[in-house]
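So the number in the numbering used here is just where the residue sits in the sequence shown, counting from 1, plus 146.
Heads up, a few of these hints could be off.
[Stated by the list, open to error] Simulated pairs of lysine-lysine, DSS-like, Cα-Cα distance not exceeding 25 Å:
#1 LYS243 <-> LYS473
#2 LYS428 <-> LYS460
#3 LYS460 <-> LYS234
#4 LYS316 <-> LYS196
#5 LYS322 <-> LYS196
#6 LYS460 <-> LYS501
#7 LYS428 <-> LYS244
#8 LYS398 <-> LYS322
#9 LYS501 <-> LYS234
#10 LYS196 <-> LYS234
#11 LYS291 <-> LYS322
#12 LYS398 <-> LYS291
#13 LYS244 <-> LYS234
#14 LYS501 <-> LYS473
#15 LYS196 <-> LYS244
#16 LYS445 <-> LYS473
#17 LYS398 <-> LYS316
#18 LYS473 <-> LYS460
#19 LYS316 <-> LYS234
#20 LYS398 <-> LYS445
#21 LYS291 <-> LYS316
#22 LYS243 <-> LYS428
#23 LYS243 <-> LYS196
[Stated by the list, open to error] The calculated label-pair distances, taken between Cβ atoms and stated as ranges, are:
#24 SER199 <-> ASN430: 46 to 56 Å
#25 ILE206 <-> GLU402: 24 to 34 Å
#26 PHE463 <-> VAL406: 53 to 63 Å
#27 HIS407 <-> SER461: 12 to 22 Å
Hints in this document: simulated from the structure, not taken from any laboratory.
None of the values given here were measured: they were computed from a predicted structure.
Each residue gets a CB set at the ideal place from its N, CA and C atoms; glycine is no exception.
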Amino acid sequence: MKRRDKERRKKRAGGEQVPHALIEEILERLGVESLIRFTCVSKQWNSTIKSTSFASRHLIRAQLRDPDVLLAGARAFNEPGPYTYLKKLEFGSSELKKFHIMPQPYRCCAITGSCDGLVCVYDFERLMYIINPATRWRRSLPRPKIQQIRRVRRNLDCGYYNTQFPGFGKDTMTGKYKIVWLYNSLKLDLDGHTTCEVFDFSTSTWRYVFSSTHPTAHASPVYLDGSLYWLTLQINGETKMIYFDLHTEVFKVMAEIPVVHASPCRTVMCILSNRLCVSEKKNNSQDIWSLNSHMVWEKTYSLNLSITSQWLNKSNFPIAPVTVFNKTELLLLCQFNPCLLVKDNRIGSYSLYSKASQLDQAFPYIPSLISI
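Could you build all of it, start to finish, from the sequences and the hints given here?
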């Protein structure tokens with residue numbers, strides 16, 4: 147009897163080896179914070195979690211869930227001036243998690259939308275970083291020519307509404323990430339209507355590419371499936387949409403858009419449910435159109451601004467759609483009356499989700515292990 151008990155205890159102590167493939171499948175389902183802690187379990191776990199193949203598989207699984215939301219503002223959360231951190235909103239949680247993104251004493255002024263859990267943070271004259279907020283990985287980038295020009299010509303009349311913003315995305319054919327800064331060069335006394343700089347991560351250098359002839363509106367580009375999209379300034383009463391293929395590095399013009407006659411200051415672009423969307427604010431309503439798989443624009447949502455006015459002051463600027471969660475709930479950003487609203491499309495109701503002192507940007511974000 148004692149011998150059997152001894153054998154049982156020995157078996158329990160030694161245990162049976164769990165196949166590492168099964169362990170990997172379990173780890174793929176965990177959040178980034180847990181995975182970072184588990185790198186201390188063993189050398190094998192550490193090697194697995196830090197491998198690029200595991201990071202890719204983990205990202206694919208994470209993309210099946212509702213995204214979190216990153217929040218940022220020029221005077222974010224009652225702090226004066228530019229900021230050193232972002233905050234993350236998790237649906238179902240009332241707490242906002244803070245991510246420190248810039249080394250002291252540096253502060254950023256703006257961020258691009260997220261691609262694979264990475265974001266580009268920058269100011270307009272000196273600084274630019276690619277960061278992964280979840281892992282705290284960060285890479286400093288050299289200054290593009292546009293930052294150098296703005297620093298030298300600070301006295302040039304190139305105010306806030308003449309500022310263009312960079313875009314960040316991935317060439318889906320090669321898996322390479324790129325930053326694209328398209329700006330209206332006539333505003334900087336340069337030759338041509340626009341200038342385009344592209345950052346190459348493999349050589350860590352900026353280079354010029356053949357640019358678009360259409361000056362862009364004051365808005366950040368949006369990224370979807372290997373391309374970056376911009377709305378243009380109105381020419382002859384028409385607004386156009388241009389896009390840049392990150393693989394071929396060629397600009398093209400979208401054939402038709404539903405906001406062709408709308409003023410750029412009343413329009414906004416976004417990505418909802420993996421679709422390119424445009425929206426136009428009218429007097430008491432705002433329609434949101436999405437581009438389907440047949441390249442046809444469909445009216446997907448309609449906002450009743452008479453209802454939302456109880457939380458907002460009167461403004462000519464549109465509400466910015468952020469993301470869809472729980473399949474039917476639409477998160478909305480009101481930049482000039484800083485708050486987040488939710489529209490429940492099942493019953494058509496609106497509610498206040500969150501309010502902040504300054505909130506310039508909110509965009510969907512999927513925590514990942516990716517680095518470049």
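Evaluation of the provided hints:
1. LYS243 <-> LYS473: Holds - the C-alpha atoms of LYS473 and LYS243 are around 24 Å apart, at most 25 Å.
2. LYS428 <-> LYS460: holds, 12 Å
3. LYS460 <-> LYS234: violated, 28 Å
4. LYS316 <-> LYS196: Within the cut-off at roughly 21 Å; holds.
5. LYS322 <-> LYS196: Given that 25 Å is the threshold and the Cα spacing comes to 19 Å, the pair holds.
6. LYS460 <-> LYS501: With a Cα-Cα distance of about 17 Å, the restraint between LYS460 and LYS501 holds, given a limit of 25 Å.
7. LYS428 <-> LYS244: Answer violated: LYS428 to LYS244 is near 36 Å, above 25 Å.
8. LYS398 <-> LYS322: Roughly 21 Å between the alpha carbons, so the hint for LYS398 and LYS322 holds.
9. LYS501 <-> LYS234: holds, 14 Å
10. LYS196 <-> LYS234: holds, 23 Å
11. LYS291 <-> LYS322: Between LYS291 and LYS322 the Cα gap is close to 22 Å, so the pair holds against 25 Å.
12. LYS398 <-> LYS291: holds, 24 Å
13. LYS244 <-> LYS234: Distance ~6 Å between LYS244 and LYS234 Cα, so the pair holds.
14. LYS501 <-> LYS473: holds, 23 Å
15. LYS196 <-> LYS244: Holds: LYS196 and LYS244 sit about 24 Å apart, inside 25 Å.
16. LYS445 <-> LYS473: The hint holds at about 17 Å.
17. LYS398 <-> LYS316: holds, 17 Å
18. LYS473 <-> LYS460: This hinted pair is violated, its Cα atoms lying about 30 Å apart.
19. LYS316 <-> LYS234: Roughly 23 Å separates the two Cα atoms, so the pair holds.
20. LYS398 <-> LYS445: holds, 24 Å
21. LYS291 <-> LYS316: holds, 22 Å
22. LYS243 <-> LYS428: Violated - the C-alpha atoms of LYS428 and LYS243 are around 35 Å apart, more than 25 Å.
23. LYS243 <-> LYS196: Satisfied, since the Cα-Cα distance of roughly 24 Å is no more than 25 Å.
24. SER199 <-> ASN430: 46 to 56 Å: Cβ of SER199 to Cβ of ASN430: about 52 Å, so the range 46 to 56 Å holds.
25. ILE206 <-> GLU402: 24 to 34 Å: At 33 Å between Cβs, range holds.
26. PHE463 <-> VAL406: 53 to 63 Å: violated, 19 Å
27. HIS407 <-> SER461: 12 to 22 Å: Distance hint for HIS407, SER461 holds at roughly 21 Å.
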